Structures are given as structure tokens and as C-alpha cells.
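2 protein chains.
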Amino acid sequence: MINDLFLRACRREPVERTPVWIMRQAGRYLPEYRAIRAKVDFLTLCKTPDLAAEVSIQPVNIIGVDACIIFSDILVVPEAMGMKLFVDEGKGGPRFENPIRTRAEINKLAIPDPNRELNYIMDALRLTRKILNNRVPLIGFAGSPWTLATYMVEGKGSKNFRSMKELIYSNPKDAHALLDKLARTVAAYLSAKIEAGAQAVQIFDTWGGILPPDEFKEFSLRYIEQVLKLLNRNGAPTIVFCKDCGHSVEAIADTGCDVVGLDWSIDIAKARMMVGSYAALQGNLDPTMLYAPPERIREGVKKILEKFGRGSGHIFNLGHGILPDIPVEHAKAFVQAVKEESIQYHR
Amino acid sequence: MINDLFLRACRREPVERTPVWIMRQAGRYLPEYRAIRAKVDFLTLCKTPDLAAEVSIQPVNIIGVDACIIFSDILVVPEAMGMKLFVDEGKGGPRFENPIRTRAEINKLAIPDPNRELNYIMDALRLTRKILNNRVPLIGFAGSPWTLATYMVEGKGSKNFRSMKELIYSNPKDAHALLDKLARTVAAYLSAKIEAGAQAVQIFDTWGGILPPDEFKEFSLRYIEQVLKLLNRNGAPTIVFCKDCGHSVEAIADTGCDVVGLDWSIDIAKARMMVGSYAALQGNLDPTMLYAPPERIREGVKKILEKFGRGSGHIFNLGHGILPDIPVEHAKAFVQAVKEESIQYHR
Chain X
10 MINDLFLRAC
20 RREPVERTPV
30 WIMRQAGRYL
40 PEYRAIRAKV
50 DFLTLCKTPD
60 LAAEVSIQPV
70 NIIGVDACII
80 FSDILVVPEA
90 MGMKLFVDEG
100 KGGPRFENPI
110 RTRAEINKLA
120 IPDPNRELNY
130 IMDALRLTRK
140 ILNNRVPLIG
150 FAGSPWTLAT
160 YMVEGKGSKN
170 FRSMKELIYS
180 NPKDAHALLD
190 KLARTVAAYL
200 SAKIEAGAQA
210 VQIFDTWGGI
220 LPPDEFKEFS
230 LRYIEQVLKL
240 LNRNGAPTIV
250 FCKDCGHSVE
260 AIADTGCDVV
270 GLDWSIDIAK
280 ARMMVGSYAA
290 LQGNLDPTML
300 YAPPERIREG
310 VKKILEKFGR
320 GSGHIFNLGH
330 GILPDIPVEH
340 AKAFVQAVKE
350 ESIQYHR
Chain F
10 MINDLFLRAC
20 RREPVERTPV
30 WIMRQAGRYL
40 PEYRAIRAKV
50 DFLTLCKTPD
60 LAAEVSIQPV
70 NIIGVDACII
80 FSDILVVPEA
90 MGMKLFVDEG
100 KGGPRFENPI
110 RTRAEINKLA
120 IPDPNRELNY
130 IMDALRLTRK
140 ILNNRVPLIG
150 FAGSPWTLAT
160 YMVEGKGSKN
170 FRSMKELIYS
180 NPKDAHALLD
190 KLARTVAAYL
200 SAKIEAGAQA
210 VQIFDTWGGI
220 LPPDEFKEFS
230 LRYIEQVLKL
240 LNRNGAPTIV
250 FCKDCGHSVE
260 AIADTGCDVV
270 GLDWSIDIAK
280 ARMMVGSYAA
290 LQGNLDPTML
300 YAPPERIREG
310 VKKILEKFGR
320 GSGHIFNLGH
330 GILPDIPVEH
340 AKAFVQAVKE
350 ESIQYHR
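Protein chains in written order, with the working numbering: chain X, 10 to 356; chain F, 10 to 356.
Hints were generated in silico from the structure; no laboratory data involved. None of the values given here were measured: they were computed from a predicted structure. Among the hints, a few may not be true.
Put simply, identical chains are the same to the list, so a pair is met inside one copy or across any two.
[Unchecked claim] Here are the simulated DSS-like cross-link-like pairs (lysine-lysine), alpha carbons at most 25 Å apart as the crow flies: (1) Lys190 - Lys56; (2) Lys226 - Lys165; (3) Lys316 - Lys341; (4) Lys93 - Lys190; (5) Lys226 - Lys279; (6) Lys56 - Lys165; (7) Lys316 - Lys226.
Just chain X, same shape as in the assembly (with noise of 0.2 Å):
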């Protein structure tokens, strides 16, 4: 291994800088990416693995992140428990034909072998890991099952989430139903994912954050609990990243994730001050502070790094994914920030 500073980083070991990556960092700000795009569609990319593998690649070659994500979509499941997913081009990402309505069609979905009907994705974590050739770590990872529940259920993102919210609260035992089936497949295919050269995995849970905290906790944070608990880890640390959920981020670190990621709505400092002992930070720079001139992203990744503070178990990152029209040069001056304001706080 060359680089594991991102790997040492989630176990809270001595790090030389502190290790830096981006949600979405394969995607569409890149013009290598839209080069590959032009030519095939998302749901194409997401299926062949040589072409995953490049653009899992190219924000190392590029950007000079510390880690590897492969390049992939959280719908990909659902769709091999057996809905239809299609992409509307220009209207937004992936959505479901036939939303989930009855626990007639609950009952119905498969819990997939990830090894036959995803195994594409293993074949391009296989492809990657080894063109990386070890340079930096490979991270594997799924929507959480609430997530991937309300996709499945809304057919797409919503504003108010209406037919998700009246499952839960007019029918909550279908709901149940739902999410234990989906935390059963998410760990399978983590698990999959791991064993097909994934070093760490991260749990997104997108829509946790359309839930008051008691809702959160009984219809997600119990299944990413589930997933973490029948997973087979075989050493590589896990990341659950609920978006919107500040506050439950002692009750995130409680499910015995790695490390904690935050969303930029919550202050570092604290978050450490309230989980620093038992996991590890990922995070949490304003995603739209990338529009913003070099010097001043410089100051805002000096500010976080000055909160988390001396020390290791911090993996730095945006608090979401990168937007689609953030320069290039902006993003490499993140990275290039971390890397050098960090080294202060690891003598």
C-alpha cells in the first residue's frame, strides 16, 4: 500500500496529513468523465466494469484524492431485487417505473445473489483494485435501506416524500417489512463488495433527514444498525453517512460504524467533542464553498481543520457530493488545501 492515510485515518492511527476524498468525485465536473458519458449512458457505465473502473480512476490521476470510490448508483439494488430503473435524460437521476405501494409487491421483491445479479459491480471492483495497483484504498458503497426504501416507494426524489410518510406512519408494519428485507440485501452486497476488493464501505443514507429523530431512528438508523451487525467487515471499516442528521450523531456512531460522516450542517468541533473518542469524522465542507476563488476555499478547509483540531480520525470531505459545474481547478485546490494545511495538526 502506498498511500493509506484514508484507511489509518477511520481507525483513529497516526496519520502524516490528514487524507482527503469527495462524494461524487467521478462525475460530471470532470471533462474525462463527460468524455466517457458522451458515449454511453449512466446506466451503461454503472454495468460495464472497464468503463466504471476508468472513471472510479480518474479523480486520482486527476484530482489526487486519498481514496478510490467505485463508480456506481445506490439503485442498482433495488433494480436487482426486481424493479424496473430507468434514466430520464435531462430530468434529474435513475428513477423506478412502478413505485412500491402494496405489501403484495414488498412480499414479491427478491433478496438478489450480489455475486450473479450484481456482479458486474464486483467485476468492476476486482478491475479497479488492480489497476490501482494499490496507489490508494478502494471504497465500496449502498444506500442505506431507508434510502433506498423511499426511492422505491416515491419512484424518485420528492419534495415531501407523501407516499414514503403515509407508509410510515398509516402502515408502519409494511414499512418494517420493506426495510428488513432491504437490510438483509444491503449487507449481502456490501458484504460482496468486500470480498471482491472493496477496503472500506460507506452506508449512504440520503433521505434519514426528512424524518424527525425518534422516525429516524426506527426506520433507519435500526437498519443501517442491522446491516453494520451482519456484515461480513473482514477488517475494512465502515462509513455511515446520514445527510440532514445532525441531530443524532452520537446515535450514528452508537450503531458501530468506523466513522461518523457529517453533512455541513453540523460543527465539527462539536461533533468530535461528542463522538471523537469512539469513531472517526468524515467531512463537512460546504459543497457550494467549491464556487468559491482558490484563496477562499483555502480558508474554509483551514477553518474546519482548525476545529477538528490536533490528531488523527479525520477523513476530510465535502458535507455531499460535489456539484456538477464546480471547476476543476477549484476542486484540485481542495484537495491541495487539505494536503498542506493539514500536516500542522499531525507533528
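Given the coordinates of chain X, assemble chain F onto it according to the supplied hints.
Frame of chain X, contents of chain F only:
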């Protein structure tokens, strides 16, 4: 005053039961409101005092809420400052034709005399007070400087708020110039509303939650504080509602407001523990819970009442505005449940 429960709860004085009103209670979920909107457009309704009074009072008569909030829109204030407002029917709420982009445009904005440019709202308040005849108190409101500025710079709601974020991160001086002008405008506007008959005022900070906590304090809360300092209260309680700002409940209470409005992402028991000894709390049922059947709504109400616990200092409300497709019977069931279930906490 026949029913002053709301005002007493704002002041944390003893009440016989917890008062309740609903953000956006004068709105599209009411057939009686839709009947009027079928005849006049949204801005005409805002600007016609007898119609504004009529729709403001509808929920008092139909739903039985304990407070009346004057029907209006926060964006009539920037309009009075010189911006051109228009409503693209069917495409969301009001928008600005020419968003603010330069310092020259900021400098050109007027600080309106609310009794001239916004006198139609003062007329509506006077008329509503007269018709209400002290049945329930009348609330006036305004957008926070930050929220108004965000709409003025973006032109409308946004996903990532790129323009506003660029302004604060790249050009904070201009942002402060705009916010200072807005704070003085909002203070004069709310003072005039109180003079015209508003017995309490609420500041809506819809977009405070898009900021990291430090920037929230610098660009939003600081100017809410300025409004409150400049405000001629004349005894009227002040409510500050910042959406998605659970990270700063204590700082919000420290502005000197009487009531902190809570969205549904914070546990009201925790909020009371933090600030309950010096501020009342308003909220905070998840608005989508009103999609559930009345018996489930009652369970949700009971849970929040139990969380708040015994004693005064709680105004029941949703955690955000009522959604336009909520059945009227469910809104009634919500209000009725609060009225019945809360008595035991005030014995």
C-alpha cells in the same frame, strides 16, 4: 379578549390547555380558500384587504385554531423595495423577474415606508382585527433578512442556492450590505404591523438551514437579532422560526425572541431542556403526519405533548406549513386532538 391562550403561552404564563395554530393555515387545503383564489390571482389576494382578511379568518372559523395569521407573502417586502415580483401560475410561488446580482443593484434598493408602499397589508390587519373582534389574537409576519435576500438573489427557491452561496463566500461585504438594508426594512415593516393591530409577530427563516452553523450565525441570525432590536414591540411577543437550524436552538433563543419555532427535525423535549427556561417553544409535528388517519394524528400529538411535558410555554403547531393536499378533516382532527389531549398537562 375571549381566547388569549396563544399570547399567554408565548409569555409562558399559565394556560388551561395548549394553544394551537397551523403555519399556512390560510391556504389551498381549504375549499373556501380555493373558491376565492378561483376568482383572483395570488398577488391580488395579498393586496386586497377585504379578501386577505376573509381568507385569514377562514381557518379560525373552519378549523378552530387559537390564533389568526394575516394572509400575505414574504416577497411583497422586496417588491416594495423596488423588485419586480410575478407569479408564474402552476409553476410554484412568486418569483423575481430580475434577481439581484451586483452591488449597484443592492444600493438601488429602497427602504420602503410600510405605511405607504405596504399600506394594503396594514389595512388588511386593521380590518381583520375588527372582524375578529378579539375572538383570537392576530399574528403578523415577515421573512428573515437572510431568507428574503436568498429569494432576491436567486429569484426563486433553488436546489443548491449557487448565486447566494457565491455571494457570501466570494463577496461577503455585498451580502452584508444587502442584509443590513433588509434588517432595517423588516424591522420597520413589523413595527408598522404591530401598530396596525398585529398582537404577535413571527419571523420566517425558511432558508437558514442551507448554511453551516457559523455562517448561519453570521448571515442570518445576526440580522434577525438586528430586526428584534430595532422592533417597536409594544408588548407583542416575537416568534423566530428557522427551518433546519436545530444546530443553533440556543443561539436562536439568545436573539431575545419570546418564542422559538421548531421544525420536526428536533426533539421538543431536548429543545425545552436547552432553552425552555427563557423562551417558549412552537411546534413541531411532521406536516406529512396529517396524511395519516385521525387516530394516528392523535397519537402523534400525544407524543409531542408528552415530550414537552407539564406547564406553559408551548404553542402547538406543525414543524412547517400545512401541505396543500391535506384533507380538511385531518387538519380539524389535529387541532381537536391538541385541544383535548393537552388539558392534563396544565392541571
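Index of numbered hints that the structure contradicts, given in increasing order: none
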